[in-house]
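If you read the protein sequences in the order shown, they are chains W and R.
Read left to right, the first sequence gives residues 1 to 387 (full-length UniProt numbering).
Read left to right, the second sequence gives residues 1 to 387 (full-length UniProt numbering).
A hint or two may mislead.
Claimed, not checked - Facing chain R, from chain W, some residues (calculated, C-beta under 7 Å):
id	residue
1	Lys12
2	Glu14
3	Lys224
Treat the hints as calculated values from the structure; they're not laboratory data.
Using N, Cα and C, we set each Cβ at its ideal position, and we do this for glycine too.
Chain residues, written in single-letter form:
There are 2 protein chains.
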Amino acid sequence: MDQSKTTLHHCKFEVPEIIFGRGLLNQIGSCARRLGGHKVFLVSDQGLFSAGWVDRALKSIMEAGLEVIYFDHITPNPKDVEVEEGALEYIRQGCDVIVGLGGGSAMDAAKGIAILVSNGGRIRDYVGSDRIIRPLPPLVLCPTTCGTGSDVSQFAIINDTERRCKLTIMSRCVAPDISLTDPDTLETLPDEYVCTTATDALSHAMEAFFSVASTSLTDVHAIKALRLVSASLVNAVRERTPGDLENLARASLHAGMAFSNSLLGIVHALAHPIGGLYDANHGSINAVLLPEVIKYDIPVVTEKLPELAWGLGHRTEVGGSEASEVVQEVLDTMLDAAGAPRSLKSLGVKRQDLPDLARRALDDVCIVTSPRQADERDLLSILEKAY
Amino acid sequence: MDQSKTTLHHCKFEVPEIIFGRGLLNQIGSCARRLGGHKVFLVSDQGLFSAGWVDRALKSIMEAGLEVIYFDHITPNPKDVEVEEGALEYIRQGCDVIVGLGGGSAMDAAKGIAILVSNGGRIRDYVGSDRIIRPLPPLVLCPTTCGTGSDVSQFAIINDTERRCKLTIMSRCVAPDISLTDPDTLETLPDEYVCTTATDALSHAMEAFFSVASTSLTDVHAIKALRLVSASLVNAVRERTPGDLENLARASLHAGMAFSNSLLGIVHALAHPIGGLYDANHGSINAVLLPEVIKYDIPVVTEKLPELAWGLGHRTEVGGSEASEVVQEVLDTMLDAAGAPRSLKSLGVKRQDLPDLARRALDDVCIVTSPRQADERDLLSILEKAY
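Whole structure, please, built from the sequences with the hints as guidance.
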């Protein structure tokens, strides 16, 4: 199918209060108190505990005069059962504000817990768009990777362990009240996550920029994210220079502000079922799919390519087919230089699962804003090329 | 004094929910209802009433099942006495949500009324930064010019009629809950206001970009605003093409998102006392001051000039003194082509008042974020050059 969808002319733009800066993790407590909390439910993970960041957060919360319950029964690609356990614990302990500290997993788990404590039921009841009825408890999210964007986004992604799929929940309710980034936390991020989370930010920015729901309000953030990633990804991966890591944290924030409002596209519509089936790393899946999806999208987004080429660091004005080549070349070179995985096979995806994955992607909410209307055959073809 | 101030490394970014699009004025009612309102206090002016937009707003509010009280006892550069009258009327009528529809005057009056109904006292009690204690009633602001940015900003500017000065009130509380722009309303904007309000947006964007509190989050919006103004100002003034007018409305929004978070500088610090003393048009004052202030700022913001030149539509990469020349030239050419006033004298400012105006500007909150620390003599020199 080849027709392009019509671009939307109306726009809505909503972002939480944003706080960004080195050393600002010590404001967690005052943020939670400012939102009216007395007893904090802190969701984080064991890696951050070992790195000392959880202690920093606990100290800040207690110094703000609040009580705190610490919860870390979560795993990468957070599971429905973990979220349900967290919600029970929140209620049992009488908490009244949630803080999520970590990567996408800790933050999405915090969102899932927030959904259940005020809306009840099971997390799969809220799959899709705007299924949440009651307002969530106050929520502060503190990202510690360079990619997820969950700290500003209207998305929560939770794994359904029974059906082995990702549940994509989209609602303005799940955006937090405050997004607080302290780029110092990237110092202890394991090497492999610098690349995989930054390529997640990269795919957020590119899909947001191509989305049919993109507007000038989201485009400026998407392009800024691309400029920061293209300037700092390779250096951050190879040298771990604090300035480059901070740029990636900032890129993640800009990309999050873009995609939360313009939504995403085929990369994420495919990445969700793959992540659900294999429990594979989300950023790695995106890095593999992105070049193929961009190639597929390009014929219907030609007028946006010159700005995209500029965003990717190409400093001479280009147009038409030249812009298309520049975009694909720069992207390929960058992913190679950063050591990103380049095939689905290398991620453990089985070839016989591809048709099922293509089918499942059609049900993901992210496909709705793809600039090019893909059918099952198109999606399968993208998967095969990325295999 | 020549030293540059240090740029801030921490950033905070907060914007209201934003809705933008042609024909969306009919969502005023549902916005007010969504914020929990039952009886709307609608603040607008007689020009918008004659143009039919007030009727559209009233219809939307009534169709949403809400009651409404209409208030239009306001004048350009809204006065303390008007705001106090509005607050009394709001309380007498038992309203519970405020909608401001108009230019900066109607929206700032709506903000002033909101401050008084929940905090009491007189409007001058809230001058300066963060003096408001109690939360305001829900607030929806709908701009109908291409410049003020009041619909997203944390500022309210009210004239003190006794002391003949502008009161600058800055607080995160005065940003509305929802900013709703329907660019169709620009169709009936009188000719002279296209230029004067767009030059207000232009000065917001440039001052926000140079501000010591600017960050990547505000810079992307400042630059986008400049791109839109430089692409559409002259055409919008001369031809009133709907596309160019919409671009200016969008520029105003982007510039507002930038300056509300990065704050402003000397142009506004000087424009406020001038507007207070002469009741002159705010955008015209800015248009006159802007080139002189930019010239004054340039030595301490050299590293930002290449991006600024690009934002102003210059498509070849330039650096150093060349960028400085390009910026000044493009700005001068654009203001001339748009027919903006070019001297304080032409606005009715008296030469003997200049020393007093320079002194008053030192007390304005906008001076705090100027990239170059100006003393009274510097400010007087700028005023004399702009005379």
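Outcome of the hint check:
Taken as an interface hint, Lys12(W) checks out: its beta carbon lies about 5 Å from the nearest beta carbon of chain R, inside 7 Å. The closest approach between the C-beta of Glu14(W) and any C-beta of chain R is roughly 5 Å, which is under the 7 Å cut-off, so the hint is satisfied. Interface hint status for Lys224(W): upheld, as the beta-carbon distance to the closest one in chain R is roughly 5 Å, under 7 Å.
Consistency with the previously given hints is maintained throughout, with no hint failing.
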